[in-house]
Amino acid sequence: MKQQDIKTEEKFMSHNAWFSIFMGITLLIISGYPIIGNTSAPLLILGSTAFLGSFLMFVIRGGFTWRMKYHLTYKDEYLNTIDTIAYKHVVLALLFSMGTVYLFSEGLTLHISHSMMATFYLAIMCLVYGISIFWQSRD
Amino acid sequence: MQNNIAKFRKKAGLSQQELADAINVSRKTISTVETNRFTPSVIIALKIARHFNTSVESLFEIEDHD
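These protein sequences, in sequence, are chains A and B. Heads up, the first sequence is in this note's numbering, so the first residue is 56 and it goes up one at a time. Heads up, the second sequence is in this note's numbering, so the first residue is -11 and it goes up one at a time.
Here chain A stands alone, though its shape is the one from the complex (with noise of 0.2 Å):
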């Protein structure tokens, strides 16, 4: 493997955990929005909007192009370890909103969708492996 392979693996996670936790608030306001407002339509586009335009950013910030594949692991030992861990923390973290959600969701059921939930639940996933692997990658 060359070494401009694994910098390109430490940019492309450093990008893909900056886009995870600013997908993670897009969707955390699309799935809270709904209850102060009573509507979710206005903020969808929004979110959608907001969502777009980032991705777009950090793919050309990134120097990203079509042509770069899709890999489900890094060739870099460290960086596939974190990787690996930061999906644990997303499982655990999933699995105690849920707890959560389930324990408290008598008070909750007339006022929240179930796209609200799901849309929170995605939330949850992206802003945990986002800061996780931030948390893990510090010096």
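Keep in mind that the hints were calculated from the coordinates and are not lab data. In this text, a Cβ means the ideal position worked out from N, Cα and C, and glycines have one as well. Do not take every clue at face value.
Said to hold, decoys possible - Residues on chain B that point at chain A, a partial pick, calculated with CB under 8 Å:
# : residue
1 : D9
2 : T17
3 : T20
4 : F40
Said to hold, decoys possible - In silico DSSO-like cross-links for lysine-lysine, where the CA-CA straight-line distance does not exceed 30 Å:
#  : chain 1 : residue 1 : chain 2 : residue 2
5  : A       : K57       : B       : K(-5)
6  : A       : K66       : B       : K(-5)
7  : B       : K(-1)     : A       : K143
8  : B       : K(-2)     : A       : K143
9  : A       : K62       : B       : K(-1)
10 : A       : K130      : B       : K(-5)
11 : A       : K57       : B       : K(-2)
12 : A       : K57       : B       : K(-1)
13 : A       : K62       : B       : K(-2)
Once you have looked at the hints, place chain B on chain A.
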């Protein structure tokens, strides 16, 4: 497990990035191994030892509770 990689690296006048480049790993691998937050594979341990022309035992020290 303790290691003397930082000591060997500084003695050789190398930065973490230079050592990482020499053995084809990321700089974070070197950084986290030096601070004992990541235990590398045998392959990486052997590569580091070979780079400093020394043995793996002189780089890594196992402790009683390991």
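A quick look at each hint next to the structure:
{"no.": "1", "hint": "D9", "result": "holds, 5 Å"}
{"no.": "2", "hint": "T17", "result": "holds, 4 Å"}
{"no.": "3", "hint": "T20", "result": "holds, 6 Å"}
{"no.": "4", "hint": "F40", "result": "violated, 19 Å"}
{"no.": "5", "hint": "A:K57 / B:K(-5)", "result": "holds, 26 Å"}
{"no.": "6", "hint": "A:K66 / B:K(-5)", "result": "holds, 28 Å"}
{"no.": "7", "hint": "B:K(-1) / A:K143", "result": "violated, 38 Å"}
{"no.": "8", "hint": "B:K(-2) / A:K143", "result": "violated, 35 Å"}
{"no.": "9", "hint": "A:K62 / B:K(-1)", "result": "holds, 25 Å"}
{"no.": "10", "hint": "A:K130 / B:K(-5)", "result": "holds, 27 Å"}
{"no.": "11", "hint": "A:K57 / B:K(-2)", "result": "holds, 24 Å"}
{"no.": "12", "hint": "A:K57 / B:K(-1)", "result": "holds, 26 Å"}
{"no.": "13", "hint": "A:K62 / B:K(-2)", "result": "holds, 23 Å"}
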